[in-house]
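**Student:** Sequential numbering of the sequence shown, starting at 1, is according to the UniProt record's numbering.
Think of the hints as simulated: they come from the structure by calculation, not from any bench. Please read all numbers here as calculations on a predicted model, not as lab measurements.
Keeping only pairs whose Cα atoms sit at most 30 Å apart, straight-line, the calculated DSSO-like set for lysine-lysine is:
1) Lys171 x Lys186
2) Lys171 x Lys199
3) Lys186 x Lys16
4) Lys186 x Lys199
5) Lys16 x Lys171
6) Lys199 x Lys16
Simulated restraints, written as ranges between beta carbons of each label pair:
7) Asn152 x Arg195: 12 to 22 Å
8) Ser2 x Ala86: 20 to 30 Å
9) Arg157 x Pro196: 14 to 24 Å
For every residue, glycine included, the Cβ atom is placed at its ideal position computed from N, Cα and C.
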Amino acid sequence: MSEALIVGWAHTTFGKAEAPNTTALMAEVARPALDHAGIPPEAVDGIFVGVYNNGFSRQDFQGALVAMGTPELAGIPFLRTENACATGSAALYAAADFIASGRGRVALVIGAEKMTATPMEEVGNILLSASHVPEEAAIDGGFAGVFGQIANSYFQRHGDRSEEMAMIAAKNHANGMRNPLAHMQKDFGFDFCNRPSEKNPLVAGPLRRTDCSLVSDGAAAIVLADAETAAGLARALRF
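Whenever a hint applies, use it, and build me the whole structure from the sequences.
**Tutor:** As structure tokens, then:
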């Protein structure tokens, strides 16, 4: 079994993108990731695409769109994953398994989403489709409400962990300050994240605004290779 190693990557700025759709977003990262890895398109054995979609666009079958935006990748087998918030991770691990099995030596993994072109009310309904609709679609707070209920259940078992959640939020925002491609680049600090306020209200259950994800556009790509291929490249990182 061969270990899958990260040999290259690329990602767009996250936020409200000028790119009109996921085809354009994926085209912004596909070739740059391969160039970063030092691997030509013809050496790619499989393409693994993570796009949640489920209503953000009428266009489905989005794995095929990689080659529409980057024609030199046409004809390479692809797989598209959808796993709600873990969609990108599912694509990454499918690619790693592809290499570990020996079926391929190089895999291109791309995750993309175009969310901001959709009205906010529709965004909420689309995200709720990742819940168990018969039981959870009517929960107050929408999709955030689903996670608010999870947080409440966790607090019931383990006590109030609001401070720990604020530490995580503060850490995430501090990391955004160091990433020029991040959607939000503001360090709010622990005290702001820890106390509900007019600028950081409770959204659902114990979740404050700083605990919740933004509606955003963007794409990221990673190139994986087996150990033998990676040995001849500029970088090889384990994950």
